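Protein chains: 2
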Amino acid sequence: MSELKNDRFLRALLREPVDVTPVWMMRQAGRYLPEYRATRARAGSFMDLCTNPELACEVTLQPLERFPLDAAILFSDILTIPDAMGLGLYFSEGEGPRFERPVRTAADVAALGVPDPETNLRYVMDAVRLIRRELHGRVPLIGFSGSPWTLATYMVEGSSSKEYSKIKGMMFDQPALLHKLLDTTAQSVITYLNAQIAAGAQAVMVFDTWGGVLTPRDYREFSLRYMEQIVHGLQRESEGRRVPVVLFTKGGGAWLEAMADTGCDALGVDWTTDLGDARARVGGRVALQGNMDPCVLYASPERIRAEVATILASYGRGSGHVFNLGHGIHQHVDPEHARVFVEAVHELSPQYHR
Amino acid sequence: MSELKNDRFLRALLREPVDVTPVWMMRQAGRYLPEYRATRARAGSFMDLCTNPELACEVTLQPLERFPLDAAILFSDILTIPDAMGLGLYFSEGEGPRFERPVRTAADVAALGVPDPETNLRYVMDAVRLIRRELHGRVPLIGFSGSPWTLATYMVEGSSSKEYSKIKGMMFDQPALLHKLLDTTAQSVITYLNAQIAAGAQAVMVFDTWGGVLTPRDYREFSLRYMEQIVHGLQRESEGRRVPVVLFTKGGGAWLEAMADTGCDALGVDWTTDLGDARARVGGRVALQGNMDPCVLYASPERIRAEVATILASYGRGSGHVFNLGHGIHQHVDPEHARVFVEAVHELSPQYHR
Chain X
252 MSELKNDRFL RALLREPVDV TPVWMMRQAG RYLPEYRATR ARAGSFMDLC TNPELACEVT
312 LQPLERFPLD AAILFSDILT IPDAMGLGLY FSEGEGPRFE RPVRTAADVA ALGVPDPETN
372 LRYVMDAVRL IRRELHGRVP LIGFSGSPWT LATYMVEGSS SKEYSKIKGM MFDQPALLHK
432 LLDTTAQSVI TYLNAQIAAG AQAVMVFDTW GGVLTPRDYR EFSLRYMEQI VHGLQRESEG
492 RRVPVVLFTK GGGAWLEAMA DTGCDALGVD WTTDLGDARA RVGGRVALQG NMDPCVLYAS
552 PERIRAEVAT ILASYGRGSG HVFNLGHGIH QHVDPEHARV FVEAVHELSP QYHR
Chain D
252 MSELKNDRFL RALLREPVDV TPVWMMRQAG RYLPEYRATR ARAGSFMDLC TNPELACEVT
312 LQPLERFPLD AAILFSDILT IPDAMGLGLY FSEGEGPRFE RPVRTAADVA ALGVPDPETN
372 LRYVMDAVRL IRRELHGRVP LIGFSGSPWT LATYMVEGSS SKEYSKIKGM MFDQPALLHK
432 LLDTTAQSVI TYLNAQIAAG AQAVMVFDTW GGVLTPRDYR EFSLRYMEQI VHGLQRESEG
492 RRVPVVLFTK GGGAWLEAMA DTGCDALGVD WTTDLGDARA RVGGRVALQG NMDPCVLYAS
552 PERIRAEVAT ILASYGRGSG HVFNLGHGIH QHVDPEHARV FVEAVHELSP QYHR
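Protein chains in written order, with the numbering used here: chain X, 252 to 605; chain D, 252 to 605.
The shape of chain X in the complex, shown without the other chains (with noise of 0.2 Å):
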């Protein structure tokens, strides 16, 4: 493997010094970019990007052609589990993923086995070692998955949901059942992202879309309760260094503190949140990711590059910040708004490593 030619994304996950506040975007790799749509063209359905190793690894670089951007995110889905585990994914036009057999029986859950990362998701092991190569060491590659109750809710509802009527029913009347599936899920989770650590991947990432759709006692009981389980079983060192562990929960900045209890290295804040606020609260104990409202992207230069000096001052001196969105870039922005977001964070944060 190439030497690592820019460390600061994961020395800043470790809260060790940086030069300038290391930044990158979620879903940097996506609709917004030009070449993106074009790669996506060629390679048919959305699906057929995904487990195509050669143009995953294509469409993951892209963004760093363009953006000075301190680290790579492997180009997946999070579905990918669930799909390995037989549930048939697919996609149909504007109305985002589905499954063909949702999970809702004792006899459904019974039936779903832990996935193996080398035959059944070969495509993601394939993609993460050859975007490892294409990388030369520029910058650190981060794995992801989605969190056991956010994969959960796609597979019980069978597709994207606004009431969460049917995984709740599930977790009220059910709520031994729903266990189960978690467990067999976190199992999953774990497997797959050890097996991304094994294929190259230098920080992993676990995005827990819709915890925040929980109370506080079922989100610690039913989510962040498997993100904890992820956490120990993951292997926390590849290559001679600490693989760092980042923990997000969209709409989760009221739980910040048992979310840092978990033992993992980061969160992820969304802008609901005040960073100052956060790092007041679990600074010392983990680094933080974010957290700028995408839509700020749609923006003048002039007020993007306002909105980061605003983030970098709350977040304030020294290292432990790893500059992102508080969600995925919109699919509407503009590739230089882009540009003047990342250029900003570096231009305006080596006042604060000093």
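These are computed hints drawn from the structure, not numbers from a lab. There's no promise every hint is true.
The list treats identical chains as one, so a pair stands whether inside a single copy or across any two.
Unchecked claim - With a straight-line Cα cutoff of 30 Å, these simulated BS3-like cross-link-like pairs (lysine-lysine) come out:
1) Lys501 with Lys417
2) Lys417 with Lys256
3) Lys501 with Lys413
Keep in mind it's a predicted model, so treat the numbers as computed, not measured.
Since the structure of chain X is provided, determine the placement of chain D on it from the hints.
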């Protein structure tokens, strides 16, 4: 006016002693009730129902015929104000509300006036008067409005939104223009709610459905500030009694302290905040209304009762709690489950008021 026979809802909002915890449900006059669906079918469109005082009165009273609720809430829509401003509200099946003439430019904002409640919104005031008469003092009547930020969101986006790119674009690049729009809207809300109070509303609630999509700073500047303006502009006494004001920002659990600072009487709380924590933070200053996850109503009667018991215990002893869902009741809930919920609150709460 008939004397008020059951005033525990008003007393709890003012943190005065009560015998049992009062309860009502957001959207209690709604599609989960077959009698509502029948009236709605007779009316024609949703707006035909809203603009017909006799039918609006009929559906307002329907849930009270079924369940021992402690308050009635005016049946109306939050978007009556922008409609009365001339934006042309309409509902397209399955897509939610839309405006024919959304507000996008400085000229659009300048053209907006404060609607006169007794002309353009007369149908609402007639409904309030009729409902008060037909209630015969059984329970108090709640009037309501959307918050200025929430109304402006629909007015600028022109429809429901997932990204809020248009209104946030205005917020980031033309904040003065958005403030002008919010100021006109806040003046309209004050005039509208005071007219509802004059017509007979005995408490009022401001629904800030979309304040939770903002950063803490933007929330204070663009949503909370205008709700505070409303609190100070309202007629707080009518018919010799105080008219309590309730503010509710969905997803605003982190900001309860700032909301309590507005001088309102009570705060709505959604289920992502623990009610006991909320009380510890602001219970000395305001009453709290909430906060069961509406999805619990899909669960078994035993589970519904258990959740009611947990929330009552979380709030603890003494007045200052109005039981409610944390959001509107879902349309696919069995009305018999709503009954279990309402009855459980009355049955399980006396021990907290002895």
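Consistency of the hints with the structure:
With identical chains, the CA atoms of lysine 501 and lysine 417 are at most 30 Å apart both within one copy (21 Å) and between copies (22 Å). Taking the shortest alpha-carbon separations for lysine 417 and lysine 256, neither the intra-copy value of 48 Å nor the inter-copy value of 40 Å comes in at or below 30 Å. Taking the shortest Cα distances, lysine 501 and lysine 413 sit within 30 Å of each other both inside one copy (15 Å) and across copies (15 Å).
Taken one by one, the earlier hints fail for this structure only at number 2.
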